[in-house]
Every structure is written in C-alpha cells, then in structure tokens.
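Please build the complete structure, drawing on both the sequences and the hints.
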Amino acid sequence: MWQDLLMPGTEVPEKIIRTIAVYFAVALLLRVAGKRDLAQLNTFDLVVMLLLSNVVQNAVIGDDNSLAGGLIGAVTLVATNAVVVRASVKYPGLSRVFEGKPDTLIKNGEYLDNRLWKLGLRRADIGQAIRNQGARSVKDVAEATMEPGGTVLVQLRDKDRTATKADIDRLLAEIRKLEARLDR
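Position one of the sequence shown corresponds to residue 1 (UniProt numbering), numbered consecutively onward.
It is worth saying that the hints were derived from the structure and are not from the lab.
Since this is a predicted model, take the numbers as computed values, not measurements.
Using N, Cα and C, we set each Cβ at its ideal position, and we do this for glycine too.
Take the hints with a grain of salt, since some may be wrong.
As the list claims (entries may be wrong) - The list that follows gives simulated cross-link-like pairs (lysine-lysine, DSS-like), each with its CA atoms no further than 25 Å apart:
(1) K139 to K107
(2) K177 to K165
(3) K139 to K118
(4) K90 to K107
(5) K101 to K118
(6) K107 to K159
(7) K107 to K118
(8) K90 to K118
Stated by the list, open to error - Here are the computed distance ranges between Cβ atoms for each label pair:
(9) D113 to N81: 34 to 40 Å
(10) K107 to L30: 24 to 30 Å
(11) R176 to L46: 52 to 58 Å
(12) E110 to I20: 40 to 46 Å
(13) Y91 to L112: 27 to 33 Å
(14) D63 to G120: 35 to 41 Å
(15) G120 to L182: 41 to 47 Å
(16) P92 to G70: 30 to 36 Å
(17) R170 to A59: 56 to 62 Å
(18) A173 to L30: 45 to 51 Å
(19) Q128 to A68: 23 to 29 Å
(20) N81 to N132: 40 to 46 Å
(21) K139 to K101: 24 to 30 Å
(22) M49 to D113: 24 to 30 Å
Structural data, given as structure tokens:
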C-alpha cells in the first residue's frame, strides 16, 4: 500500500515532460479559443473547461495514480507556469505569443462587427460592458478594446466623460483665480 502511495508509477523525467507538454498544448488551445472564453465563461464554456481538465489528466499522469506522481505533476505545472510568467515579463514578445494583443471592438461610436465576429462576441455582450463603464450607448464610446485577459476597456468620447479629480482641481484653481480678481 505505501509503495503504491509514495512511489510514482511513471518515471519522474517522463512525468515532467508529459506535464510540460500538456501545459503548452492547453495554453495553445486556450489561445486559439480566443479572449471571449477568458472574458466570460457561460455555461457551455464552463463545461468545456471542466471536461478539458479531465481529458488532459490522463496525458499528465499516465498510468500513475500515486500521491508522489500527482505531486510531481502539480509541482511541475506550477513551476512551468512561474517560468512562463516571468519570461513573459522579461520578454514582452513572449507575452504577446501567449496572451495576444488588444482588439478594438468599437471605434468612434461604431461597432467593428468583423472583430466581434472574429472573437465570437455579440453586440449585447459589449453593450453591457460599455454601460458598466459609464456609456449610455455605443455612440458615447470613442473606443472600446478587449484586452488579452478578456477585459473590455471603454474610452468615452470627450463630451461624455465624467470629471476626474484632476479636472475638478483644475476648475477649482480657475475659480480661485476668478475670485481673486473679483476681490481686487
């Protein structure tokens, strides 16, 4: 019993190679699947993600059901991810390979339907995101982009932007100048 629990059923180098290979294969699959899957997991996407983890499990562990084998796989996954993340910080080109680049979804108040279609997004999905960020409609948006992680960033047209602290501070300074002139 202890031997089955503690002794990996697969050679350690093979287990490490399997785990690293699966890591990169799944990363590629997620990259090909697109940002939409990262942005919003609907029921179908969640089912696919859960089944994907189960499907690749056998590729990682092989015939090995030991605790040691599982721990070797887990440590290899975490270590591989740590190396990839740090390499992506050091080499921005690598980050673009793994994560992609931002995609413009709206420009000058108009949806870019070809981009929405490419990313598998509906206007309603983006409409909700722009309303959450202060726009009443697509016409209020100067530009909306989907970032590599799936977040939608909205830049409102100048006339539709809310005042920032810097805007208020600038106006208060102008008011003080006017008050000083009036007091003379």
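Status of the hints after comparison with the structure:
1. Proximity of K139 to K107 is assessed by CA-CA distance (about 9 Å); at most 25 Å being required, the pair is judged to hold.
2. A hinted pair counts as satisfied when its Cα atoms are at most 25 Å apart, and K177 with K165 qualifies at roughly 18 Å.
3. A threshold of 25 Å between alpha carbons decides the hint, and for K139 with K118 the separation of about 22 Å falls inside it, so the pair holds.
4. Our distance criterion of 25 Å between C-alpha atoms is broken by K90 and K107, whose separation comes to about 32 Å.
5. A hinted pair counts as satisfied when its Cα atoms are at most 25 Å apart, and K101 with K118 qualifies at roughly 14 Å.
6. Simply put, K107 and K159 have alpha-carbon atoms about 15 Å apart, close enough for the 25 Å limit, and the pair holds.
7. Between K107 and K118 the alpha-carbon distance is near 16 Å, which keeps this suggested pair within the 25 Å criterion.
8. The suggested pairing of K90 with K118 is violated, with an alpha-carbon distance near 30 Å, which exceeds 25 Å.
9. A hinted range of 34 to 40 Å holds for the C-beta pair D113 and N81, which are about 36 Å apart.
10. Evaluation of the 24 to 30 Å hint for K107 and L30 yields a pass: the beta carbon distance comes to about 27 Å.
11. One distance hint, 52 to 58 Å for the beta-carbon pair R176 and L46, holds here, with the actual separation near 55 Å.
12. Restraint check, E110 to I20: a C-beta distance of roughly 44 Å satisfies the suggested window 40 to 46 Å.
13. For the pair Y91 and L112, the beta carbons lie near 30 Å from each other, so the given range of 27 to 33 Å is met.
14. Hint check: D63 to G120, Cβ distance near 37 Å, so the stated range 35 to 41 Å holds.
15. Between G120 and L182 the Cβ separation comes to about 59 Å, which falls outside the hinted range of 41 to 47 Å.
16. Between P92 and G70 the beta carbon distance is about 35 Å. The supplied range of 30 to 36 Å therefore holds.
17. Range check, R170 to A59: Cβ separation about 59 Å, and the 56 to 62 Å hint holds.
18. Range check, A173 to L30: about 49 Å between beta-carbon atoms, so the 45 to 51 Å window is met.
19. Between Q128 and A68, the C-beta spacing of about 47 Å breaks the proposed range 23 to 29 Å.
20. A hinted range of 40 to 46 Å is violated for the C-beta pair N81 and N132, which are about 30 Å apart.
21. Distance hint check for K139 and K101: the Cβ-Cβ separation is about 26 Å, which falls inside the suggested range of 24 to 30 Å.
22. For M49 and D113, the hinted distance range of 24 to 30 Å is satisfied, since their beta carbons lie about 27 Å from each other.
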